[in-house]
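Colleague: Sequence:
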Amino acid sequence: MTKVDSVICCRASPAQKALLVTQIGKGPQKKAHWYSWLSPTSTTPLTLAIGDGANDLAMISAANVGVGISGREVQQAVRVADFSISQFRYLSRLVLVHGCWNYYRTTRFILATFWKETFFYLPQALFQEQTGATGTSLYEPGSLTFVSFFTAACILVIGTFEQDLHSRTLTVVPELFKYGQNAEGLNMSVYFSWFSNALVAGLIVYAGAWAGYMDSEMIDVDGWYAQGLLTFVLCGIWVNIKLLVIELHYKTRVALWSILGSLAVLWAYLLIAGAISSPSSAPYSVRGGLSLEFGRDPA
194 MTKVDSVICC RASPAQKALL VTQIGKGPQK KAHWYSWLSP TSTTPLTLAI
244 GDGANDLAMI SAANVGVGIS GREVQQAVRV ADFSISQFRY LSRLVLVHGC
294 WNYYRTTRFI LATFWKETFF YLPQALFQEQ TGATGTSLYE PGSLTFVSFF
344 TAACILVIGT FEQDLHSRTL TVVPELFKYG QNAEGLNMSV YFSWFSNALV
394 AGLIVYAGAW AGYMDSEMID VDGWYAQGLL TFVLCGIWVN IKLLVIELHY
444 KTRVALWSIL GSLAVLWAYL LIAGAISSPS SAPYSVRGGL SLEFGRDPA
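Heads up, the sequence shown is in the numbering used here, so the first residue is 194 and it goes up one at a time.
Derived by calculation from the structure, the hints in this document are not laboratory data. Careful: at least some of the hints might be erroneous.
Quick list of simulated restraints, FRET-style, between CB atoms [stated by the list, open to error]: (1) L287 <-> H442: 19 to 25 Å; (2) E440 <-> R272: 33 to 39 Å; (3) G405 <-> L349: 17 to 23 Å; (4) H359 <-> K219: 34 to 40 Å; (5) Y384 <-> R272: 32 to 38 Å; (6) I430 <-> P334: 17 to 23 Å; (7) I439 <-> S199: 26 to 32 Å; (8) S199 <-> V458: 53 to 59 Å; (9) N390 <-> S206: 26 to 32 Å; (10) R282 <-> H442: 23 to 29 Å; (11) R282 <-> V447: 37 to 43 Å; (12) Y384 <-> C202: 39 to 45 Å; (13) K219 <-> S386: 31 to 37 Å.
What you are looking at is a predicted structure, and each value in this text was computed from that prediction instead of being measured. We put the beta carbon where it would ideally sit given N, CA and C, even for glycine.
Throw the hints in and build the complete structure from the sequences for me.
Modeller: See the structure below:
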């Protein structure tokens, strides 16, 4: 059974339907090699079960993904299914369109999250070379507390609204569904490419901020707040541009307002923190850090 292309059953019992789905899910598994962890092809079969009655409950529960169709039997199948549709004709759009979109959104959400964290905190690690690995933070502690407010919107937009291809394209070309079947959107090769990009981007930002901090004649401060602030702002801008301008395919007003809102909140926080913080001689002199230590000239 596990080596055939199709199986047709007539008057099967609920237990037989569930057994059929279970057996198909067990194989045939593709042969694994020592380099298989780098391969984008999935080695484990995934099963989809579709039912509209009470006799389909066991089958739907045994599948990886269950779809319930609203029927006359008090909708038991709908209650145990992962997704529900009112008519069978909506199945193609559910699988080919929303299935592909959901897979792409999930993979990009995961990759963007890891990319952002790696990129944002790499300067922290590089800064330890300047401090003799003392564990001193490059960023002011308050900025680290609210960093998610400046970078969460771009990741949520990708994970919620992204559409890499038009719905008609996905419907007319069903072969595009193999993108998810073969795990081409999220595998170790893709992950390492995003991870490498984060390392390079973090190194560029840190080196650029350090060079600007050392060579600028406008910065009048002996602490670390100016260098950390410059790096922090560059990272915040880079994250929003990378995810909402470069990576996002489905650009709408939501994406535009997200990037503008994130940057506005970032600058508002810096101005408010510099105005209400108490004077301090510590390395993080937040009081007037943005308006005074970088010079009164807006240029």
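Colleague: None of the hints should be skipped; say for each whether it holds.
Modeller: Taking the hints in turn, this is what the structure says about them:
For the pair L287 and H442, the supplied restraint of 19 to 25 Å holds, since their beta-carbon distance comes to about 21 Å. The beta-carbon spacing between E440 and R272, approximately 37 Å, falls within the hinted interval of 33 to 39 Å. Evaluation of the 17 to 23 Å hint for G405 and L349 yields a failure: the beta carbon distance comes to about 31 Å. A beta carbon spacing of about 36 Å between H359 and K219 agrees with the range 34 to 40 Å that was offered as a hint.
A C-beta distance of roughly 36 Å is found between Y384 and R272, which places it inside the suggested range of 32 to 38 Å. At roughly 21 Å, the beta-carbon separation of I430 and P334 lies within the given 17 to 23 Å, and the hint holds. The hint said 26 to 32 Å for the Cβ distance between I439 and S199, and at roughly 43 Å that hint is violated. Between S199 and V458 the CB atoms are about 55 Å apart, so this pair conforms to the stated range of 53 to 59 Å.
At about 53 Å, the beta-carbon gap between N390 and S206 misses the expected band of 26 to 32 Å. Between R282 and H442 the C-beta distance comes to about 28 Å, which sits within the given range of 23 to 29 Å. Hint check: R282 to V447, Cβ distance near 30 Å, so the stated range 37 to 43 Å is violated. Between Y384 and C202 the beta carbon distance is about 40 Å. The supplied range of 39 to 45 Å therefore holds.
Separation of K219 from S386 is about 32 Å and conforms to the stated range, judged on CB atoms against 31 to 37 Å.
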